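Note that the protein sequences, when read in sequence, are chains A and B. Per the numbering used here, the first sequence starts with residue 6, numbered consecutively. Per the numbering used here, the second sequence starts with residue -4, numbered consecutively.
Hints listed in this document are in silico derivations from the structure and should not be mistaken for laboratory results. Here the structure is a predicted model, which is why all the values come from computation and not from measurement. Incorrect hints may have been included.
With a straight-line Cα cutoff of 20 angstroms, these simulated PhoX-like cross-link-like pairs (lysine-lysine) come out [unchecked claim]:
1. Lys189(B) - Lys103(A)
2. Lys18(B) - Lys103(A)
3. Lys158(A) - Lys235(A)
Some chain B residues near chain A, calculated using beta-carbon distances under 8 angstroms [as the list claims (entries may be wrong)]:
4. Gly16
5. Thr26
6. Pro190
Just a few of them, taken from the derived set where beta-carbon distance is under 8 angstroms, the chain B residues facing chain A [said to hold, decoys possible]:
7. Gly19
8. Val45
9. Leu47
10. Met58
11. Gly64
12. Arg202
13. Ser207
14. Ile218
Built from N, CA and C at the ideal position, the CB exists for glycine as well.
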Amino acid sequence: MERQMMGQDLSGLECVYERPGTLTGTRLHYCPGCGHGVVHRVLMEAVDELGIQEETIGVAPVGCSVFAYNYMNIDMQEAAHGRASAVATAVKRMLPGKYVFSYQGDGDLAAIGTAETIHTANRGENILVLFINNAIYGMTGGQMAPTSLIGMKTTTSPAGRTVETSGYPLKITEMLAMLPGVYYVSRNSVHTPGAVRHLKKAILKSFQFQKEKRGTCFIEVVSNCPSGWKMTPLESNRWMVENMFPLYPPGEIKVPK
Amino acid sequence: MSDLRLMKGNEALAEAAIRAGCKGYFGYPITPQSEILEYLAAEGRERGMVVLQAESEVASINMVYGGAGTGARVMTSSSSPGISLMQEGLSYIAAAELPCLIVNVSRGGPGLGTIQPSQSDYFQSVKGGGHGDYHLLVLAPSSVQEMADFVYDAFDLADKYRTPVLILADGALGQMMEKVAFREYDPADHIVAKPWATTGKPKSRERNVITSLHIEPEMMEQINLRLQDKYRLIAENETRWEHFHTEDAEFLIVAYGLAARIAKGAVEMARAQGIRAGLLRPVTLFPYPTAAIRRLADAVRGVLVVEMNAGQMIEDVRLAVEGRVPVKFYGRMGGIIPAPDEVLGALERMVKEDVAQHEEAY
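Here chain A stands alone, though its shape is the one from the complex (with noise of 0.2 angstroms):
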C-alpha cells in the first residue's frame, strides 16, 4: 500500500503508529495544544483495539468538542448543553447491548448539566462519561468555568475568580466517586506519554465493565486551554501540572474492589 506524508513517499517502510481506523479523516478544528484532539485520539484506539466501532454510540456536547462527532467514525448523537448524560441514559436504556459514552467539558457537566450529571451516575447508568476539565469556557471565549480555580483570570473573573463573588472550584469527579451507582472513578491528563497510556487503560477498562454492567464509569482528564488560559501550548501544560494537579491530582479515584 502507498503510503505519503507531506509529499514524501513512505512505501517500503513499516507502520508503527497512525491514525486509528475509527477516527475519521477530517482535520480537527481544536487550537494547537489543546488536549481534545489526543482524547479523541485514545478514545477511537480503545473502540479499534476492542472491535466494538459497530456497538458504540457517542453523545456528544456543547461546548469546544461540539463537533467531537465530526471526527469519530461511530453512531453519534449531539445533546444539548449539559444533557449529554441524559441523552446517552436513554441511548442506553433502549439500546442495552450497546457500548455508550458521553464526552462533556466542565462547563457542560459541572453547570448547566450537574443534575442530570449526578442522576445518571446516582441510577448507576451503564455508561461510560469522560470529562474534560480545563477549567475554563473555551468555545464561548473564555470565561470562568465551575472548576476555574481561586484567582484564576478569565473574561468573567478578570481580577481573578474570588470565593466572595463565585464560590469554590467544583471537584464534581469526587463528588460522583462517593455514589453507590459509580463503578469506577479515574482522574488523567494527556501531557505525557505516560499519561496518554494511562487515559487508554482507564478508557479501555471503562469499557469493558460497561460491558459486564457494572455501573457508570467516570474518567475525568484535566487538560489544558492555551487559548483560554493565554498561553502557549507548552507553558499551559506547565501551568496545569503546577496549578491544575494540586486541586485536581491525578490517579485513580475509585477502584473495583
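Got chain A; can you put chain B on it based on the hints?
What follows is chain B alone, placed relative to chain A:
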C-alpha cells in the same frame, strides 16, 4: 372485537401507548397527569417497556431525544409548568427531526398556577414554544376515547413525518373516567424504516449523526426550508376538524378539546330555543383548520370562540375569518370550567348584538 373498559383519561392514554408499541417512557411526576407515569411504571414495565422516572422534565425531554434517536417509539408526558421546562429540548427534537410523542395534560397558569384544567398553553403548543422556527404537530382530544385513539395517530404521524407530536389535553380529560374502546392495532403493521437512527454503525453504511447544529448559514437556511416544506405538507395532509350542526348554522362556535365538548351542549340548548348554532372543533391545532373556518365564516353571521383561557386560539380564528363577520370571545381562566349555559349566554348576547345591528342598518 374492541376491548372496552372504564378508565381515567390518563390511564387510557398510557394503555394506548403500550398498545401502540411505545418502547420508552421518560417522565417526571406532576399533577394532574402522574397516573400516566404510574400506570406505565406498573403495566408498561410488565409488558416490556423502558419506564424511567427522571430527575426533571429537562432530563426527561432529553431522554426522549436520545431514545427517539435510536429509532424506538418513545414518549414523555407532563403538565403545563413541566412542559415549559421541556421547551429547549422540544426545539432540539424538532430541529433534529426526531419522531416522538409529548403529552401535555395542561393546568391553569401562569406560574405554579393551579392543578385544575385549563387551555392556557395554546400559544406555547402551536406557535413554537421553544426557540427557532419550528412547529409541533398538535392533536387536541376531547374525550377519554380520544385520549387513547390519538396516541396511535400521534406515533404514526411522528414516524411518517419525522416530527414530534404533542397531545394537548387538560386536567379534566386526564382525570375523568369514561368508557374507552381500544382499537385493533398491531405495531408491527406500522413500522417505518428509520435508516437515520443511531443504533451502532455497521460497515455497510456511513455513520449516523443526530444533531441540530449547522454552523454554515447557507446550510442552516436549507434545513429551515426543508422544515417549512414539511410543515406545509403536514398542513395539506393532516389537518383535522369536526363539524357539529354547521350545515344550516347562522352562528358558529369554534372551540377545541374540553371547551368543544361543553360548546356542543350549548349548541343543543341554543337550537332548542330556535338559534341556529353550530360548532367547528379543531382536532389538530397545528396544522390549523383555517380553510374550514373561512368557508363557514362566509355562511354565518357571527363567530363565538370559546376557550378555557384569556383568548389565545381566537387569534387564529380571526386570521381565518379575516373580518368577514364579528368574532366574539367567551373564556374562563385559572382552572374554571365554563358551564354550557354560560356559553349559551355568550351566544345569546352575540345574537342580540347581531339583531340590534341589523335593525340599525335598516
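Numbers of the earlier hints that this structure fails to satisfy, in rising order: Numbers 4, 5, 6, 14, in rising order.
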